[in-house]
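Participant: Residue-level listing of the chains:
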Amino acid sequence: TQLLEQSPQFLSIQEGENLTVYCNSSSVFSSLQWYRQEPGEGPVLLVTVVTGGEVKKLKRLTFQFGDARKDSSLHITAAQPGDTGLYLCAGLTTDSWGKLQFGAGTQVVVTP
Amino acid sequence: NAGVTQTPKFQVLKTGQSMTLQCAQDMNHEYMSWYRQDPGMGLRLIHYSVGAGITDQGEVPNGYNVSRSTTEDFPLRLLSAAPSQTSVYFCASSYVSSGSVHDTQYFGPGTRLTVL
Numbered sequence: 203t204q205l206l207e208q209s210p211q212f213l214s215i216q217e218g219e220n221l222t223v224y225c226n227s228s229s230v231f232s233s234l235q236w237y238r239q240e241p242g243e244g245p246v247l248l249v250t251v252v253t254g255g256e257v258k259k260l261k262r263l264t265f266q267f268g269d270a271r272k273d274s275s276l277h278i279t280a281a282q283p284g285d286t287g288l289y290l291c292a293g294l295t296t297d298s299w300g301k302l303q304f305g306a307g308t309q310v311v312v313t314p
Numbered sequence: 034n035a036g037v038t039q040t041p042k043f044q045v046l047k048t049g050q051s052m053t054l055q056c057a058q059d060m061n062h063e064y065m066s067w068y069r070q071d072p073g074m075g076l077r078l079i080h081y082s083v084g085a086g087i088t089d090q091g092e093v094p095n096g097y098n099v100s101r102s103t104t105e106d107f108p109l110r111l112l113s114a115a116p117s118q119t120s121v122y123f124c125a126s127s128y129v130s131s132g133s134v135h136d137t138q139y140f141g142p143g144t145r146l147t148v149l
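From first to last, the protein sequence lines are chains H and Y. Numbers 203 to 314, taken from the numbering used here, label the letters of the first sequence in order. Numbers 34 to 149, taken from the numbering used here, label the letters of the second sequence in order.
Because the hints were derived from the structure by calculation, they are not lab data. Here the structure is a predicted model, which means the values were calculated and not measured. The reader is advised that the hints may include incorrect statements.
[Said to hold, decoys possible] Chain H residues, not near chain Y, derived (Cβ > 12 Å throughout):
#1 G244
#2 Q266
#3 D269
[Unchecked claim] Quick list of simulated restraints, FRET-style, between CB atoms:
#4 I215/H with T53/Y: 37 to 45 Å
#5 Q309/H with A85/Y: 18 to 26 Å
#6 I87/Y with E219/H: 46 to 54 Å
#7 T119/Y with S214/H: 35 to 43 Å
#8 A115/Y with E207/H: 39 to 47 Å
#9 T48/Y with G254/H: 45 to 53 Å
#10 A115/Y with Q216/H: 42 to 50 Å
Beta carbons are placed, not taken as given, at the ideal position from N, Cα and C, and that holds for glycine.
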């Protein structure tokens, strides 16, 4: 079983629509990261959130860390075809320093 | 500055063969790690290292060996390949962060391995 559950597994939307990807766990995380991976490449870090309730914005992407530090969400406003990719959340629990745990990922496809 | 490089990009092995996946980084990062990525499973940590001479097991270490003789290189060895090891393998590196935050991990382009 995955420590981090991501939903949905797959999301297909039209350009200009909004979308939200969720990352949930029963464990408390000291920090959580979001990565985007494109076909044939390694993941690339988008953001790191550390404080419960923290909200970070990266252009049209908004990341939120839950108050209890057990969940996170990624919201994309007015999605563009360039947002297409596999979005992965990864977390570090308080007793697992050095062992980053990844979710299974959400495949996002944005069509023109 | 090449970042993280991995070789080979593709490899086909027969069951029982051995091979070494190479990983090198030129960013002077202390932390290096190996992951495998399978459909629907995300990335799972195999082994990691926080510096030359120091390695530790991750989530799925069985069937894999590592060593870290230099800061730059972190090879992953499969001693006797099995079909269950068919996967895409990623190497990553980062600075060793203090406290509870994992520093930015830089990933290589991956090695696609098929074991027949």
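Participant: Now look at each hint and say whether the structure bears it out.
Facilitator: A quick look at each hint next to the structure:
1. Interface exclusion of G244/H from chain Y breaks down, the closest Cβ pair being 3 Å apart, not more than 12 Å.
2. With a minimum CB-CB distance of about 17 Å to chain Y, Q266/H clears the 12 Å threshold, and the non-interface call stands.
3. The claim that D269/H is not at the interface with chain Y holds, since no C-beta of that chain comes within 12 Å of its own (minimum 17 Å).
4. Between I215/H and T53/Y the beta carbons are some 42 Å apart, a value that agrees with the proposed interval 37 to 45 Å.
5. Taking 18 to 26 Å as the suggested C-beta distance range, the pair Q309/H and A85/Y does not conform, at roughly 37 Å.
6. The beta-carbon spacing between I87/Y and E219/H, approximately 47 Å, falls within the hinted interval of 46 to 54 Å.
7. Between T119/Y and S214/H, the C-beta spacing of about 28 Å breaks the proposed range 35 to 43 Å.
8. The supplied range of 39 to 47 Å is broken by A115/Y and E207/H, whose beta-carbon atoms lie about 28 Å from each other.
9. Hint check: T48/Y to G254/H, Cβ distance near 48 Å, so the stated range 45 to 53 Å holds.
10. The hinted range of 42 to 50 Å is satisfied by A115/Y and Q216/H, whose Cβ atoms lie roughly 43 Å apart.
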